[in-house]
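Q: Going down the list, the protein sequences come from chains F and Y.
Numbering follows this note's numbering, in which position 164 of the first sequence is assigned residue number 166; successive positions increment by one, without gaps.
Numbering follows this note's numbering, in which position 284 of the second sequence is assigned residue number 927; successive positions increment by one, without gaps.
By construction, these hints were calculated from the structure, which means they are not laboratory data.
Since we're looking at a predicted model, the values are computed, not measured.
All residues carry an ideal CB built from backbone N, CA and C; glycine is no exception.
Heads up, a few of these hints could be off.
[Stated by the list, open to error] Footprint (simulated), chain Y over chain F, 3 or more residues, beta carbon under 8 Å:
| # | stretch |
| --- | --- |
| 1 | 92-104 |
| 2 | 124-135 |
| 3 | 138-147 |
| 4 | 213-222 |
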Amino acid sequence: MENPMRTPDPIRIDRRVAIRWMLTASAGAMLARAPSFGAAATEAPKSPRGAPASGYGLDPDLLKAYKPGDLWPLTFSASQRREVAALCDVVIPADERSPSASQVGVTDFIDEFVSAPYPDNVRDARMILDGLAWLDGESTRRYGAAFAEASEAQRAALCEDIAHEAPAGAGLKGAAEFFRRFRSLVAGGFYTTPVGMKDIGYVGNVPLARFDGPPADLVERLGLADEVKW
Amino acid sequence: MASVSPASVADKYDVIVVGSGAAGGQAAYTLAMEGARVLMIEAGRRYDPVSETPMFQTNDSAPLRGAGTPDKYFGFHDATVGGGWTVPGEPYTNASDEEGRQFTWWRARMLGGRTNHWGRIALRNGPYDFRPYSRDGLGFDWPISYEDVAPYYDKVEMLIGVFGSNEGLENTPGSPPGVLLPPPRARIGELLARQRGRRLGIPVIPIHRAVLTRALDHRAVPAKLHPGNARAQRILAEDMQNRAACFWATPCGRGCSIRANYQATTVHLPPALATGNLDILANAMAREVLLDARGRASGVAYVDKTTGLEHRASARAVVLAASACETVRLLLNSKSRSFPDGLANSSGLVGKYIMDTVGAEWGGQVPLLEGLPPHNEDGAGGGHVYVPWWLYKEQRQGRLGFARGYHVEFGTGKMMPGADGPYLPDAGGRTSFGLRLKEDARRYYGSYVSFTGRGEMIPNRDSFCEIDPAVVDKWGIPALRFHWRWSEHEIRQAAHMQRTFADWIEAMGGANTKAPDPDGRRAIHAGGAIIHEVGGTIMGSSPSSSVTNPWSQTWDVKNLFVADGGVFASNADKNPTLTIMALAWRTADRVLDEMRKGGI
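So that you can see chain F by itself, here it is in the shape it has in the complex (with noise of 0.2 Å):
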């Protein structure tokens, strides 16, 4: 099994990575399955049940606080962390309610995360790692710079191609996939901090006197005041 946590020659991976999704685009039903489009050279296990990894172990300290790399270490490059970083932000950029994505620690997390010992993890960090390099080698070929030092405008042409469950560029299927999984993880990462959770109106994990339930004017406008019966 080849180790995904080392940084790869970016021109070597750039072959065997466009290969290997030309050999997946091809075989679509098998991609239904595997989330991965480089699960074919993992080894990661069928099943999420399996075998515990060298992980946090089934009795942590749940009372900490843990940041990224206090578990586990951290294993992007400098110039991983740009390029996702900047994925991150255009992913999850800034607006006039919420800073970006990246301004909040989200990087840190993705780090962890492709990081993480566990089989999904590592299954998981195999596409993202392929699709980054990936991105990076499509954003040089197009507009002679890495991804990270590409223009705002020329960052979000290049997502926009794959930001599809079909993508029409002729063997972006892969790409397509690294993109939807990374952009879940960076809302995952992003709606998990406070400023997240703020932004999108979550206002509970507070302690009250008592619950009410919802707003009376609210249960009225959706025409449910015969519903509360208790």
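Since chain F is already given, all that's left is putting chain Y on it; use the hints.
A: For chain Y alone, coordinates are given in the frame of chain F:
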């Protein structure tokens, strides 16, 4: 706190209770409060929810944003410690590798067992549920009726605190006046589901959950639970005052440091320990129930997991509450000249008729719930409403194609976001990102509704466990091997769940992104996945057709009792925990009665 080690275990106890969850907690509570000297043996470590529960921790302070991993399957902050689908050094096996024939076994190795993280859904079995064979000719009748268990349901509900209401629906018993705590208000999505469910004939009513929506009545309840026992009343009254009412925050699955929900560790064990009658021996893996020359249980041999050394403890009676399958394993591993096939197994039925709950889910996005003004929907943790089985008539008329019912649990509302992120519809197959993603997240958060079906499985000959002749755990104790098969009743029921829920999503104005699969084989979870396994030591009216008598006392060994879900002769759709506790209390009463009469 009477925490003992192998060196400080007393020479002899009245009762040894193996296990500390719903069954062990309740049995030990009843026995200790009524004056018996009890040794509780627990395979996991001691665990104190008051000091160990992560209450307000957010997911961004947890590894991997709190996502489940093989180490913590239900998420980092889940209350289960030292257990899971796999426990290092403690294997179990499946006889078949065929799809659909697997059993997966959740074990919590900790004081309080699975009660620390369970869903707190506390439903009574109804009268039909004790007479299933008489109604449709399938499975077995219990040797006891609803009326036999009802007084114990009352007592358990008063002790642990259960909210809910009495709606008078078929086979959905109410509780006597004053027993239930008031149900919390329904959430907005639950109200919408209620309104639209009515159009489909689906009744939505308050669920019953073991969460204190107000403080327990420490003045009135103790006298009802322990009549004539002033000391027990005083201890319980004092302890009840140390349990706070729910403050409408933090997920119940993490446990509760303010003791507002039921866990054995916050409800049963503190008063039992306060009597001075309970010793708890943690990190002790029971290996064998010992027999004396008269064929009576004399105690338990156990492995001290901290040293690997074996020890013995003695008692007048032994109560097994190790969980249905672990109790089977202990009995089958207790072989002697009089019981060459395992203790209390003259019927050959120990390990037979293991049942789980049928589980299938369906969900969809509901436009009416989009972009609602933010308001706090945490509530009492889980769903506030549910649907009891409602198609008894259609089933009697043979119109459904499956013989038993299911209930429906809900997932709605703007709950604390997890590692999966908020719901994003990705309309038209487009992967939403950029400012559009932010707008989508705001708009769709809280608009996704999920329904969870939980149905009755009929016991069958192909679902059982036995000792694997080739596999032992790290202490050399033979491990279990499972056999599993769902019948067409369960498979069709799972398909019916998804079909019903998909219709319901549409009745709420939502659209299903795909049609439910008519083949329930693809909807139903693996055996054991719902973590409601019961049976294996079923109770009955004769020694040839059951392992225990109607008092959960093994037919073969008079002073050996089973207090856990093993005695269930059927597994109604109702979640088993409340019934386990009611039967454990009843079993403990029997133990006390037999000891008083000198029978054991």
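Q: Each hint: holds or not?
A: Do the hints match the structure? See the list:
no.: 1; hint: 92-104; verdict: holds (count 7)
no.: 2; hint: 124-135; verdict: violated (count 0)
no.: 3; hint: 138-147; verdict: violated (count 0)
no.: 4; hint: 213-222; verdict: holds (count 7)
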